[in-house]
Amino acid sequence: MNFKLLLKEMIKESLEKNFDLKTDLIPITYPEVKEFGDYASTVALANSKVLKKSPKEIAEKIVSDLSKKDYFSRIDIAGPGYINFYLSDKVLEEFIKKSISEENYGESDYLKEKNIILEYVSANPTGPLHIGHGRWAAIGDSIANLLKMCGAKVHREFYINDAGNQINLLRQSVEAVKNGKPIPENGYHGSYIEDVAKMDGDPVLNLLEMQKKTLSKFRVKFDNYFSELTLHKNGEVEKTIEFLKKSGHCYELDGALWFKTTEFGDDKDRVLIKSDGEYTYFAVDIAYHKNKIERDFNTIINILGADHHGYVGRITAAIKIFAKEMNKNIESKILIGQLVSLFRNGEPVRMSKRTGEMITLEEVIDEIGSDAARYFLVMRKADTPLDFDIELAKKQTEENPVFYVQYAHARISGVLRNIEKPDFITNSIIDNPEARDIAIRIARYPEVCLDSAINMEPHRITQYLEDLSSAFHRFYNQHRIITEDKMLTSKRLAIILAVRNVLKNGLKLIGVEAPEKM
RNA sequence: GCGCCUGUAGCUCAGCUGGAUAGAGCAACAGCCUUCUAAGCUGUGGGCCACAGGUUCGACUCCUGUCAGGCGCACCA
Numbered sequence: 001m002n003f004k005l006l007l008k009e010m011i012k013e014s015l016e017k018n019f020d021l022k023t024d025l026i027p028i029t030y031p032e033v034k035e036f037g038d039y040a041s042t043v044a045l046a047n048s049k050v051l052k053k054s055p056k057e058i059a060e061k062i063v064s065d066l067s068k069k070d071y072f073s074r075i076d077i078a079g080p081g082y083i084n085f086y087l088s089d090k091v092l093e094e095f096i097k098k099s100i101s102e103e104n105y106g107e108s109d110y111l112k113e114k115n116i117i118l119e120y121v122s123a124n125p126t127g128p129l130h131i132g133h134g135r136w137a138a139i140g141d142s143i144a145n146l147l148k149m150c151g152a153k154v155h156r157e158f159y160i161n162d163a164g165n166q167i168n169l170l171r172q173s174v175e176a177v178k179n180g181k182p183i184p185e186n187g188y189h190g191s192y193i194e195d196v197a198k199m200d201g202d203p204v205l206n207l208l209e210m211q212k213k214t215l216s217k218f219r220v221k222f223d224n225y226f227s228e229l230t231l232h233k234n235g236e237v238e239k240t241i242e243f244l245k246k247s248g249h250c251y252e253l254d255g256a257l258w259f260k261t262t263e264f265g266d267d268k269d270r271v272l273i274k275s276d277g278e279y280t281y282f283a284v285d286i287a288y289h290k291n292k293i294e295r296d297f298n299t300i301i302n303i304l305g306a307d308h309h310g311y312v313g314r315i316t317a318a319i320k321i322f323a324k325e326m327n328k329n330i331e332s333k334i335l336i337g338q339l340v341s342l343f344r345n346g347e348p349v350r351m352s353k354r355t356g357e358m359i360t361l362e363e364v365i366d367e368i369g370s371d372a373a374r375y376f377l378v379m380r381k382a383d384t385p386l387d388f389d390i391e392l393a394k395k396q397t398e399e400n401p402v403f404y405v406q407y408a409h410a411r412i413s414g415v416l417r418n419i420e421k422p423d424f425i426t427n428s429i430i431d432n433p434e435a436r437d438i439a440i441r442i443a444r445y446p447e448v449c450l451d452s453a454i455n456m457e458p459h460r461i462t463q464y465l466e467d468l469s470s471a472f473h474r475f476y477n478q479h480r481i482i483t484e485d486k487m488l489t490s491k492r493l494a495i496i497l498a499v500r501n502v503l504k505n506g507l508k509l510i511g512v513e514a515p516e517k518m
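At position 492 of the first sequence the residue is numbered 492 (the working numbering), and the sequence of numbers has no breaks.
No lab work stands behind these hints, which were simulated from the structure alone. Some hints could be false.
To be verified - As a list, the in silico EDC-like pairs of lysine to aspartate or glutamate whose alpha-carbon atoms are at most 20 Å apart: (1) K68 with E94; (2) K212 with E238; (3) K148 with E107; (4) K98 with D423.
Said to hold, decoys possible - Here are the computed distance ranges between Cβ atoms for each label pair: (5) D76 with L6: 17 to 27 Å; (6) S428 with N345: 24 to 34 Å; (7) K153 with P348: 39 to 49 Å.
From a predicted model like this one, the values you see are computed outputs, not experimental measurements. Cβ coordinates follow ideal geometry from the N, Cα and C atoms, glycine included.
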C-alpha cells in the first residue's frame, strides 16, 4: 500500500464532495519537524484561490471527512491552513507486519502499463570501461530495478557499436602492434591494445568480453547485447531510410541525403547518407530505434553521458517521427548524466583511451570494491558532475555511507543470531518515539520507491536507506532488544526485522550486498 | 556566439516538483562501552540558498538578466 497516494485520493474525494472541485493539485509532504505530523498537505492553501474560500474553511471540511476514517490518530490544522496528519499506531503496526511478511515489500503495479526498453552503458568495444560507464551502469541498473518493482516490464539493453570507422581503426591498431609496426594516425594506443594483440581471435569480441566481465563483476546485467552489425546485415538501415524517404521526411542536398528532424524540434536537419555514399552513425542509430519500436516497447529510455547531450534533439525527433508514421504511442526519455572526473590524491587522472593512462572501471572496483563503487556512483543525482577521488573513496571506506547502512543490517543480523526463536508480535509495538520513527519510515518505503522510479532518481533510495539506518542505530542505542521480558523482546524483534527486510530490499535495488556480518 | 547541466554550511551533497524554523554526512569540539557489533549514539558551533530584478498570500524551488564552472554545437562515432 502506498499511503501517500491513498491520502491524496481521500483528499481528492473530499474536495469533490464538498466543493465540487476536481483537481490533482494535492501536494503532500513529509514535514521536517515532528510537531507537524507524519504527512502534511498544503492543499487548502493551494486551492483557496480557485475555490474563493479561505484555506481554513477548506481545511476544516477535509479534516472533518478524513477524521471519520480509521487511519489517523490526529489531524491538525496549523498556521494559515496546513493540514497535519498523524498515523495511528495500528496503521503503523500494519506496515511493520507487511514489511516483515512480504518479501518484496514496496512492490506495486502503478507502472504496469509500461513496457520499457532501457538502454545504458553502450560503450564502444574499443577499450575497457571507465568510471563514467560505471556511473551509467550503476544508475541504469538501479533504475531498471526500481521500474520493475513498480510493475513495469523492463528490458535492459546494451548497444554494441561493432561497426564503423572506430572499429576499423581499432583492428588496424591491434594489427599494427601484432606486426611490430607503428600504430596508425588516430589509432588506439595504451597498454590494453598490447594485451589484446596477444590474444587470439577478433579484438572487438575480446574487448567486448572484457567489458562484459567487468559489468558482471559490478553486478550489472543486461537482457540483451544488441549488435550494430546485425542492423547492417539485415538491411535495416537501408529499409529505415527507404521508410523515411517514402513518408516524405528526407531531401537531397549537396550530394547528401538529409533527414528533416527540425520538423520535430531538432535545431538542424541531419545527414543520413554522406556525399561519399556512406551512412552516418545517426542513420544507423535511428534504424536501431526503429527496431526498438518494432519490438513493441511503448517506452524508450536512454541513458547518455553529458558529452553526448547534443544528440538528444535529433534522436527524440526521430523517435517522434517513427511513432507518428507507425501509428504508435511512444513515450521516450533521454536521461543525461553528467560526467565523472577521476582523481587520485587530488590529482586529475586522464581518461583518454588514447593516452593509455586511463584508470579502468575494473581497477576501481578492485581497489574499493563493488559495493562502495556502486553506492558512490548512485548516491548523487545524475545531473551533477561527480568528482571521484579513488584514494579518498578508499580512505573514506571507514566512514562511508555504504558501510553505515550495511552496518545497520549486520548489527540486526548479529542480534538475531543471539536469539533462539525469533518469534515476534506486531501488536502495540510502538511504545517509544524511536520505534515510531522507524515505523513511519517503513511505511514510507513504498512511496519512496515509486517516487524514485517515476523520477528515475535512484539516489533517493540511498538517501532513504541512510535515514532508516540512522533511525535504527538510534533505536538500538536507546533500547535493548533481547531482555528477560519475552513479550517486550517479541515487540522489539518486529521493529528490527522490519528494518532488516527493508534495508536488504533497498540495498538490492541499488545492487549492494546486505552483509550478515562485518 | 548558441544550446544543455550545475552553483545551498569549511568539504561532499539532499531539499519530496511553490509552503511552516533550509537538512544530512565528513571535518572541529564535548560526552556515552562490565550487558544484543562503538564501522554506533548524544550534544555544540557553522548559511546573503552565486548575484540582481520579477511573478505570488508565500520562492532554494517558477520567469528574466548577470557572473562562475562543466559539457556540447560535423557529410566523427
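Output the numbers, in ascending order, of every earlier hint that fails for this structure. 2 and 6
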